[in-house]
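Protein chains: 2
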Amino acid sequence: MKILILGGDGYLGWSTAMNLSSHGHEICVIDNYARREICAKQNIQFLFENPSLEERSQCWEAISGQRIKVHIGDLQQWDCVAALFNSFKPDAIIHYAEQPSAPYSMFDRDSAAYTLQNNLLVTFNLIHGVKQFVPDAHIIKLGTMGEYGTPNIEIEEGWIDITHKGRDGRFLFPRQAGSLYHTTKIMDTDLLWFYVRMWKLRVTDLMQGPVYGMHTEQTRADDRLLPLFNYDEMFGTVLNRFIVQAVCGYPLTVYGKGEQKRGYLNILDTLACVKLAIDNPAQQGELRIFNQFTEVFSVNDLAQKVATAGNKMGMNVKIDSLENPRIEAEEHFYQPAHTGLLSLGLKPHYLTDDVMAEMLETVLRHQSNIEKEQIMRGVKWDASVQKIKTQAA
Amino acid sequence: MKILILGGDGYLGWSTAMNLSSHGHEICVIDNYARREICAKQNIQFLFENPSLEERSQCWEAISGQRIKVHIGDLQQWDCVAALFNSFKPDAIIHYAEQPSAPYSMFDRDSAAYTLQNNLLVTFNLIHGVKQFVPDAHIIKLGTMGEYGTPNIEIEEGWIDITHKGRDGRFLFPRQAGSLYHTTKIMDTDLLWFYVRMWKLRVTDLMQGPVYGMHTEQTRADDRLLPLFNYDEMFGTVLNRFIVQAVCGYPLTVYGKGEQKRGYLNILDTLACVKLAIDNPAQQGELRIFNQFTEVFSVNDLAQKVATAGNKMGMNVKIDSLENPRIEAEEHFYQPAHTGLLSLGLKPHYLTDDVMAEMLETVLRHQSNIEKEQIMRGVKWDASVQKIKTQAA
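These protein sequence lines map, in sequence, to chains A and B.
The numbers in this note's numbering rise by one with no breaks, and the one at position 340 of the first sequence is 340.
The numbers in this note's numbering rise by one with no breaks, and the one at position 291 of the second sequence is 291.
So that you can see chain A by itself, here it is in the shape it has in the complex (with noise of 0.2 Å):
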């Protein structure tokens, strides 16, 4: 099968991008490097070092046989799209080139139409790419959990069946989420089923909680082939950072009461996800939607195992509570809905005590690329607001 993959550079791109290669697809990624220019803005370094994408292409052409072509160039041009889909014509389309990060969306207003600009553009040229060129692919697009947020009703998968004052109806069900970054995610929502409902695109939503992890089957062969893997406060999911902060020395930082809780998956079972999306297409006019993750956890409950498997080996794991920067409910009820690619095959692979200890080796090996300093941020969801009130008062 002919596979595209947008923002083929990212942590969950590039290692995609090898999975379906080792699986024999014929695998194209593109992306603009966005994600490596933001960091050098903000002065944040990855743990690995990360060869350019030709580099690692040609790095697992020499390990696995297989050629995954290399484009450069930003989806937000649509001129750069249909020059892409009308050379290689893709049978799937993987999608995740979205700036991801929640703190960068809320870091200044810059940063915030950055994010909504890219998000929203490339899904739409994605969606009009999709029409022009090969209307009977599968796009496959990740979502996020955090578009439902944390209502106060179990979270259903995608949908929703309301009967209200005596007559039935399905809805998307509720988004409402906790930062721009997450609410690009919702109108990417909006977008896609518009046009699902009026072109008939075969679509499918994964929506995706944290995900953590280094390692995947095919990294193992040279370092090289390692993801973009970030530690800092910025693009960190909180695991990954837990683990790096446990090795460096530098206490857990735990936001409010750290009650948070969110649906976590290893990044072995994105992989697996999206090939069973992949194996499974949706159907003509369906927009198919999976809550992608394989355990809950709280905040604490991370940090607690962190310092647990930490401790194990030696190391000294403090746990700090900070005020909380962003603005969420540090407790509340939650229970999502997460059966339906259980149900196409997946085998999660759970946080275990042996998961934990090999992802702390592994940042082992690499202490020495380690900036403590750049660990924590400083973005606050209100920042600006309470600057304002400085000046007035």
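Bear in mind the hints are in silico, worked out from the structure with no lab data behind them.
Be careful, since some hints might not be right.
If chains are identical, the list can't say which one is meant, so a pair holds when it fits in one copy or spans any two.
Said to hold, decoys possible - Using 20 Å as the maximum straight-line C-alpha spacing, the simulated EDC-like pairs for lysine to aspartate or glutamate come out as follows:
| id | residue 1 | residue 2 |
| --- | --- | --- |
| 1 | K347 | E259 |
| 2 | K200 | D382 |
| 3 | K261 | E323 |
| 4 | K347 | E286 |
| 5 | K41 | E371 |
| 6 | K312 | E217 |
| 7 | K200 | E330 |
Just so it is clear, the structure is predicted and the values come from calculations on it, not from any experiment.
Mind docking chain B on chain A? Use the hints.
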């Protein structure tokens, strides 16, 4: 009160400006003449001759003694927004500055991209302008009843209480629109609701139905004060268009079965509703939503009313049934609530025989401006899909 009107050149923007000016408010309007430019490029004429904003402002000042400040600028540009908010410091902002045509948003890729980008970025810049310069100002956003679509349950006023598996939640009423334009308004709602929760903005969202009418109290003094009035299929609302079709002897064009129901209102009621919102602002941290229409009609109802009123005036009005160029339900349940504005004191102007007759007479006086061949534009919701099918066959 200092009131800023975004999109102050348009059908409703200019009418609102004069109405609030006549009530003694200090008004500033901004527009980039996008509607005039799009119509010029699409070879669409307005029914009335509309002088520039500056000229209309001078005309209004000569008549009323009140001045309306005029800025010409593009609200997609942050510099323009920042300069405006910094100099004018409004107490309330009325946001009409969106590409409002459903058919134009479905016309081609460029028009769709423009609609998405303009509508989202202007709303985003408005939010950031308020936050940075006037955090206590009241945002009055024109939404649309079209955001709800035509669900199988009663449409509530913005919100719905859901009991699901024994637990309760309150959510935005599910939204599911029938055009990209209407979908961008859903995305506006997502964006506003997010920032209302984060930054405690005051927002009123007026979910308006299709508006009809020409004259307002302020336009009667001078025809130069009449609003931009479209009678073409792209920018003309259905009743306005039918009135012009009746006058020029063009059979009324009903799409499909004609049982599509919507909530309509007179332009006088738009002005009254906006004024009620201004006089009764939303609270800090409140997204207040009103369904803004006064009567529900089907397209067949409207065609019948226009035919009856026209024939009474000696016209020979015919009704044509056309293949529906849109993808929409042609027969559906429709029961939307609309009590909020009534309880604030709205006194509706219903679609009486007198109202119909006055509209027909106004159009008759400007009959020489009608260009029949401009009426139908042939925009199809799935035109591009059909094109692709033909290419593939």
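Against the structure, the hints:
1. Proximity of K347 to E259 under the C-alpha cut-off of 20 Å is found in neither arrangement, the shortest distances being 27 Å within a copy and 50 Å between copies.
2. In this homomeric assembly, K200 and D382 come within 20 Å of each other (Cα to Cα) only across copies, at 10 Å, whereas the closest approach inside a single copy is 41 Å.
3. Within a single copy, K261 and E323 get their C-alpha atoms as close as 17 Å, which meets the 20 Å cut-off; across copies the closest is 52 Å, which misses it.
4. Taking identical chains as interchangeable, the C-alpha atoms of K347 and E286 are never at most 20 Å apart, the minima being 25 Å within one chain and 44 Å between chains.
5. In the homo-oligomer, the alpha carbons of K41 and E371 lie at most 20 Å apart inside one protomer (16 Å), although the nearest pairing across protomers, at 56 Å, exceeds that limit.
6. Taking the shortest alpha-carbon separations for K312 and E217, neither the intra-copy value of 26 Å nor the inter-copy value of 80 Å comes in at or below 20 Å.
7. Taking the closest pair of Cα atoms, K200 and E330 come within 20 Å of each other only across two copies (19 Å); inside a single copy the shortest separation is 40 Å, beyond that limit.
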